[in-house]
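Dock chain one against chain two, each of which comes alone in its own frame, and use the hints as you go.
Residue numbers (this note's numbering), protein chains in the order written: chain B, 1 to 267; chain H, 268 to 528.
Not one of these hints is a red herring.
Derived coverage of chain H by chain B (criterion: at least 3 residues anywhere in the stretch with Cβ under 8 angstroms from a Cβ of chain B; other residues may be distant):
(1) 401-411
(2) 459-473
(3) 488-502
(4) 514-527
Here are the simulated EDC-like pairs of lysine to aspartate or glutamate, each with C-alpha atoms no more than 20 angstroms apart in a straight line:
(5) H:Lys466 <-> B:Glu208
(6) H:Lys282 <-> H:Asp354
(7) H:Lys303 <-> B:Asp262
(8) B:Lys230 <-> B:Glu132
(9) H:Lys344 <-> H:Asp286
(10) H:Lys305 <-> B:Glu39
(11) H:Lys303 <-> B:Glu261
(12) H:Lys344 <-> H:Asp323
(13) H:Lys521 <-> H:Asp335
(14) H:Lys303 <-> B:Glu39
(15) H:Lys521 <-> B:Asp262
(16) B:Lys86 <-> B:Asp58
(17) H:Lys489 <-> B:Glu161
(18) H:Lys521 <-> B:Asp259
(19) H:Lys508 <-> H:Glu289
(20) H:Lys489 <-> B:Glu153
(21) H:Lys489 <-> B:Glu130
Selected chain H positions facing chain B (in silico; Cβ < 10 angstroms):
(22) Ala476
(23) Gly479
(24) Glu483
(25) Leu509
(26) Asp510
Hints are computed from structural coordinates only; laboratory data are not their basis. Everything numeric in this text was worked out from a predicted model, so none of it was measured. Glycine is no exception: its CB is placed at the ideal position from the N, C-alpha and C atoms.
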Amino acid sequence: MTVTAMSVPTQPGVREQVSADEWQTRVDLAALYRLVAAEGMTDLAATHISARVPGPDDHFLINPYGLMYEEVTASNLVKVDLNGEKVMESPFPVNPAGFTIHSAVHMARPDVACVVHTHTAAGMAFASVETEVLPLSQTAMQFYGRTGFHAWEGISTDLDERERIVRDLGQNRALILHNHGLLVAGPTIPASWVLIFQLERVCRTQLEAMAAARAMGTDLVLVPVAVAEKTAEGFDQSLRNAAEGRTNFDWDAHLSALDAEDDSFRH
Amino acid sequence: MPATAVDTVPSLKGKVPDDEWEARVELAAFYRLVAKHKWDDLVGTHISARVPGHPDQFLINPYGLLFDEITASSLVKVDMDGNVLQDSAYPVNAAGFTIHSSVLKGRDDIVSVAHTHTVAGMALSAVEGTLRPVHQKALRFYNALSYHAYEGIADDPDECARLQRDLGENDAMVLENHGLLTCGRNIRSTWALLYNLEKCCQVQIALEASGGEVVELSNDIKESTYALFQRSLKSNSTGSKLDGWESSLRLLAKEDPSFMH
Chain B
1 MTVTAMSVPT QPGVREQVSA DEWQTRVDLA ALYRLVAAEG MTDLAATHIS ARVPGPDDHF
61 LINPYGLMYE EVTASNLVKV DLNGEKVMES PFPVNPAGFT IHSAVHMARP DVACVVHTHT
121 AAGMAFASVE TEVLPLSQTA MQFYGRTGFH AWEGISTDLD ERERIVRDLG QNRALILHNH
181 GLLVAGPTIP ASWVLIFQLE RVCRTQLEAM AAARAMGTDL VLVPVAVAEK TAEGFDQSLR
241 NAAEGRTNFD WDAHLSALDA EDDSFRH
Chain H
268 MPATAVDTVP SLKGKVPDDE WEARVELAAF YRLVAKHKWD DLVGTHISAR VPGHPDQFLI
328 NPYGLLFDEI TASSLVKVDM DGNVLQDSAY PVNAAGFTIH SSVLKGRDDI VSVAHTHTVA
388 GMALSAVEGT LRPVHQKALR FYNALSYHAY EGIADDPDEC ARLQRDLGEN DAMVLENHGL
448 LTCGRNIRST WALLYNLEKC CQVQIALEAS GGEVVELSND IKESTYALFQ RSLKSNSTGS
508 KLDGWESSLR LLAKEDPSFM H
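Bound-form chain H, shown alone (with noise of 0.2 angstroms):
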């Protein structure tokens, strides 16, 4: 059986400052829950984080390894260059560099970016259209959801300045013809805006093709619903306890804790 990551990079706990440390457990487990939900895409797309004390550092994936394989110790840690700033056997991947790097460098107040190619996203980003606020979770995307046209693999360095114009000052973006992002202040609530998403993005696939009429919503709900979502974004800096996420992470160390060397 091929060595894994657990069995042949070395640990960096103790030898990272312990924020870091924490960061890498916490990325480790983003991605181990988007394998969990098979939300995954072999070896693609990818899930970044800030090096917590160095806003211009940052940890994305191994490139090569599998979601369930990827640990605490084997994230890269890059500068906004794509400098590699670690010994690893493992690259990273030019075009997830790009949208990372992007999104990290537009937006100070954005710790944590994600980026997925599920079957419900890439079906959404392929019709012409928006998300349509007809129930409660979508209305978290109501009038905050952003939309960046296609241009190929993104190993053009220039297609940073259409990236970071496209999101604004949202936290979701649909990549048209590709795929889902999401970004957040914390790992956490990144993780529960890209599950929300991947769940509207579901939702809408399933009643359009229905070809039922949607239940209406007034303004009044979906102005009032958003306002609501908005302020307790403003007033949870740290995540909220409906995202489950410590809970989420015991379960995964309960299950496999390899996410956490």
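Okay, chain B solo, but in the shape it has when bound (with noise of 0.2 angstroms):
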């Protein structure tokens, strides 16, 4: 078989044919791709992570299609165009379908630098509920009044969809694609993580807390609108910080741990 012959295709020499800055792209989003799966968000092979390479061309980083994200490394990530089409030689294809929505939200937002879409089971069910991000946490009012919702058109590669979640998606900085999944769109990489590491948490919570309300037949405490905008700012100022190079969210640390766990990923 099959195991013992199933050796990952490798692809030397990534390091040296890219720029310094693109290859700490790779490095940063493979690290993103080991996060998310370490926190169990994967669903098997499919879903996205993107980021922008730095630089004036529309050129994008995504995992090699088939790949679990636990296998994702900073060379075997495909460099793609705007419709998915590979702009650098790759032994693996890429999935084009799943990147539309991706391309979507790079096409319309250059300030983003990286989208994380996951199909988890807290926000699947959050996707399924008409609802919206209720302030109920300090957690929450970071995605308070800066979360848009996307109606879902089936499994498409309508590229016309593109429209409709560029204008669902708006300024926010998370999108719900309802009946689907999860949806974050950050100024770096770092940021990008922080987001759907908060998301997936404001999901759950919302919903265990809707649950409790519901069978102690009470209400959920809201925060005063006031206050809540008042917090989302804060959040507002911490993501500009980012965008700005002076807060990267303890990256490094998050990079300690997984060097410490498997640094496959930088290679």
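As structure tokens, then:
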């Protein structure tokens, strides 16, 4: 078989072929794939995380189709254009259908460095309920009034959907894909990690709080609008800080934790 | 420390045909993946696969081993009457045999069967109502999920006909008050189906408990998405890349290659 014969295709020399900035983006993005996997937010080999390659070209990095996130490395990330077509040789296929959502966001929002999309159980459940992100916790308030909703149009490769994704995301940092899953769009890779980690927690928390309140026959305790808005603005500021390079949300600590366990993402 | 199957069961590699060995390795990997996700239940529940070239024989777990101890060589080969066809220090569980042999006897197109007792699966199986077609993943099971009423521990051979009747032509079934079952034309697709059904149960339990109103989908979207899943199932007899199967096996091998023993 099979198992022993099934080595991952390797792609030597990528580091030498790309700019230092692109290499750093590759390492950070591969690390993000590993962090999402470690948090159990994967869906076998489905869904994508994409990052914009620094520079004037509209080039993006995404996962090689068919690999679990734990096998993604800096070198095997595939470089594609806005149509999901490869712009650099790679032994791996890409899944262009899944890239449509990402390309829509990247086309419309040059301020976005990284898009994360998940199909977690809590994310899908939240996305299947008629609700919004309620100001139930400090964690939730970072998404208060900063979250869009996009109606599900079925599994389609209809590129027209891009316009509606862009409209529904607007200037928000999160998009609930109804009947489907979650999406966040951050100004840096570390910021996108913080956003997806927190949005996942927000979904779980809100569903549990709704269930508890329902069982107890009581109401949810909502923070006053002005307080929620002020709190959300504080998070706006930290994302601006990230965009300006003034915070990386302790990214180095996350990388060190990954290194201690398995540093293969760096290759 | 007690000896495990890796220490005590002699390797069958090279002693059984290559295709049987491959099926053993993949099935052992399936057990390890279920354990890794914590969808196992001590030594309970079973996953089976037909022996390639011998449709009247199948492989099932050595009863008494935890899923994360199961190896390719320790899997037990049985026929459809429950006769053990190899030297094995381990017995085969009667209830497991009933459920798995029923599906394999009733459905020539099926190669592998999986069954779990997860919290989300058992919870869904204990609530009146069906899996609701409210998100992308659940539409894979839209009008295509069977239900089988609980009859007690499945050691009554008469239950076989009712299991077959209830499964019908579907590839997934809720065993009411009991757990989940999926089956497929190969081991990897049975795994992917189990993964997706488990996740659908987690979603439904969470969204029902919340009491929130569901974002309803139009019948057009439901029907067309289900049809798309069916088309891809027909055109993709060897499994989809989305299941990450080879990748999962490599990761298991990297972590603990003993399943390949």
